[in-house]
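Trainee: Going line by line, the protein sequences match chains A and B. Numbering of the first sequence is given in the working numbering, commencing with residue 2 and proceeding in unit increments. Numbering of the second sequence is given in the working numbering, commencing with residue 339 and proceeding in unit increments.
Think of the hints as simulated: they come from the structure by calculation, not from any bench. Among the hints, erroneous ones may be present.
The calculated label-pair distances, taken between Cβ atoms and stated as ranges, are [as the list claims (entries may be wrong)]:
#  : chain 1 : residue 1 : chain 2 : residue 2 : range
1  : A       : Thr69     : B       : Val353    : 53 to 63 Å
2  : A       : Cys119    : B       : Arg419    : 45 to 55 Å
3  : B       : Leu364    : A       : Glu94     : 44 to 54 Å
4  : B       : Ala367    : A       : Gln57     : 14 to 24 Å
5  : A       : Arg96     : B       : Asn396    : 52 to 62 Å
6  : A       : Asn102    : B       : Tyr346    : 23 to 33 Å
7  : A       : Glu92     : B       : Asn425    : 23 to 33 Å
8  : A       : Glu92     : B       : Ala367    : 24 to 34 Å
9  : A       : Arg98     : B       : Tyr346    : 40 to 50 Å
10 : A       : Met33     : B       : Asp429    : 15 to 25 Å
Among the chain A residues that face chain B by a calculated CB cut under 10 Å, a handful are [said to hold, decoys possible]:
#  : residue
11 : Ser18
12 : Thr23
13 : Tyr28
14 : Leu34
15 : Ile35
16 : Ala47
17 : His54
18 : Leu59
19 : Ser65
20 : Leu66
21 : Gln68
22 : Thr69
23 : Gln72
24 : Arg73
25 : Asn102
26 : Pro106
Here a beta-carbon is modelled for each residue, glycine too, at the ideal position from N, C-alpha and C.
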Amino acid sequence: MKTDRGSISPFGIGLASISVATALVVYLSGMMLIAQHRLQGDSDLALLQAHQHSVQELEYAEYSLVQTQLQRYFQANNVQGLSFIDLEVEEFESRMRLCSNLTLPFSAISLPTSIAVCAESAVASFDPRDGLRVQS
Amino acid sequence: MKDGSRGYAAIEIIVYSILPLMVFALVPAGYQVIQKQLAAESVVRMVAREMMIDKPENPEASAASLANEISSDFGYPASLRISCLENCDEDGGWYLLQVNIDSVQARKVAVIENR
């Protein structure tokens, strides 16, 4: 090197950018992972409770009863931001797919501020007429 | 190198090298927090599920022992708090479970009906 003139700014800016990007990726991926995990837990427990309740009341799963209990559970568990619920109820089996809007901390800069996180659950019970398990 | 530029170089090294390294150092700490939060979510979910299926006679004692058992599998000591949300009697009720692992917290509702 002929002289020691110059600056390490380009190197520093590059390193700073990479470190901020890494921290941001870890933060956002962690946030999404936790939100998905939480939604999956809420979905499983809500459907289990709603299906159990309907089977105890009527000996089979009934759509409106399962739906009412789901809403009750979500309210009690303070589940917010649900954007989509697809519920299928058969006699001894209930299935649900639901999505929630996760708000990202980007409102200051004009980037999309929410992302959909989805979960799917299924519950099956015994048929009391023949005692066979329909599906595990 | 002149004295002035030497001082400037020192500031550049501090601002552009040490600060990014400090940000990098936060990444493992962030992973730890995420791991603990996921563990807490899993513990509370498994405890609530077990309670809803087994319908124990004594939900408080049963939830605490389940939480200890499950959290020891994860390798994190967890503390559980259980409180009644509604209709808690000998038939069952709606219980709020709250699991703490260090500073992170997870909560779920467990419903026991027609015990």
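Trainee: May I ask you to test the interface hint for A/Leu59 with respect to chain B, counting a Cβ-Cβ separation under 10 Å as satisfied?
Mentor: Violated. Min distance 13 Å.
Trainee: Against the range 14 to 24 Å, how does the distance between the Cβ atoms of B/Ala367 and A/Gln57 compare: consistent or not?
Mentor: For B/Ala367 and A/Gln57 the Cβ distance comes to about 46 Å; the hint is violated.
Trainee: Grab the minimum C-beta distance from A/Ser65 to chain B and call the hint holds if it beats 10 Å, violated otherwise.
Mentor: violated (18 Å)
Trainee: Looking only at beta-carbon atoms, does the pair A/Arg96, B/Asn396 fall within the given range of 52 to 62 Å?
Mentor: Given range 52 to 62 Å: violated, Cβ gap about 33 Å.
Trainee: Against chain B, run the beta carbon of A/Tyr28 and see if the smallest gap drops under 10 Å.
Mentor: Holds: closest Cβ of chain B sits about 6 Å from A/Tyr28, inside 10 Å.
Trainee: Are A/Arg98 and B/Tyr346 spaced within 40 to 50 Å by their CB atoms?
Mentor: With Cβ atoms ~59 Å apart, the hint is violated.
Trainee: Has the hinted range 24 to 34 Å been met by the Cβ atoms of A/Glu92 and B/Ala367?
Mentor: Distance hint for A/Glu92, B/Ala367 is violated at roughly 50 Å.
Trainee: With a cut-off of 10 Å, does the beta carbon of A/Leu66 approach a beta carbon of chain B closely enough for the hint to hold?
Mentor: It is violated, given that the least Cβ distance between A/Leu66 and chain B is near 13 Å, above 10 Å.
Trainee: Do A/Met33 and B/Asp429 keep their Cβ atoms within the hinted range of 15 to 25 Å?
Mentor: Between A/Met33 and B/Asp429, where Cβ atoms are some 39 Å apart, the hint is violated.
Trainee: Confirm or reject the claim that A/Asn102 and B/Tyr346 have a C-beta distance inside 23 to 33 Å.
Mentor: violated (48 Å)
Trainee: Go through the hint on A/Thr69 and say holds or violated, using the shortest Cβ distance to chain B against 10 Å.
Mentor: Hint violated; A/Thr69 Cβ to chain B Cβ min 13 Å, cut 10 Å.
Trainee: Close enough to count: is the Cβ of A/Leu34 nearer than 10 Å to one in chain B?
Mentor: holds (7 Å)
Hint compliance for this structure: hints 2, 4, 5, 6, 8, 9, 10, 18, 19, 20, 21, 22, 23, 25, 26 are broken, all remaining hints hold.
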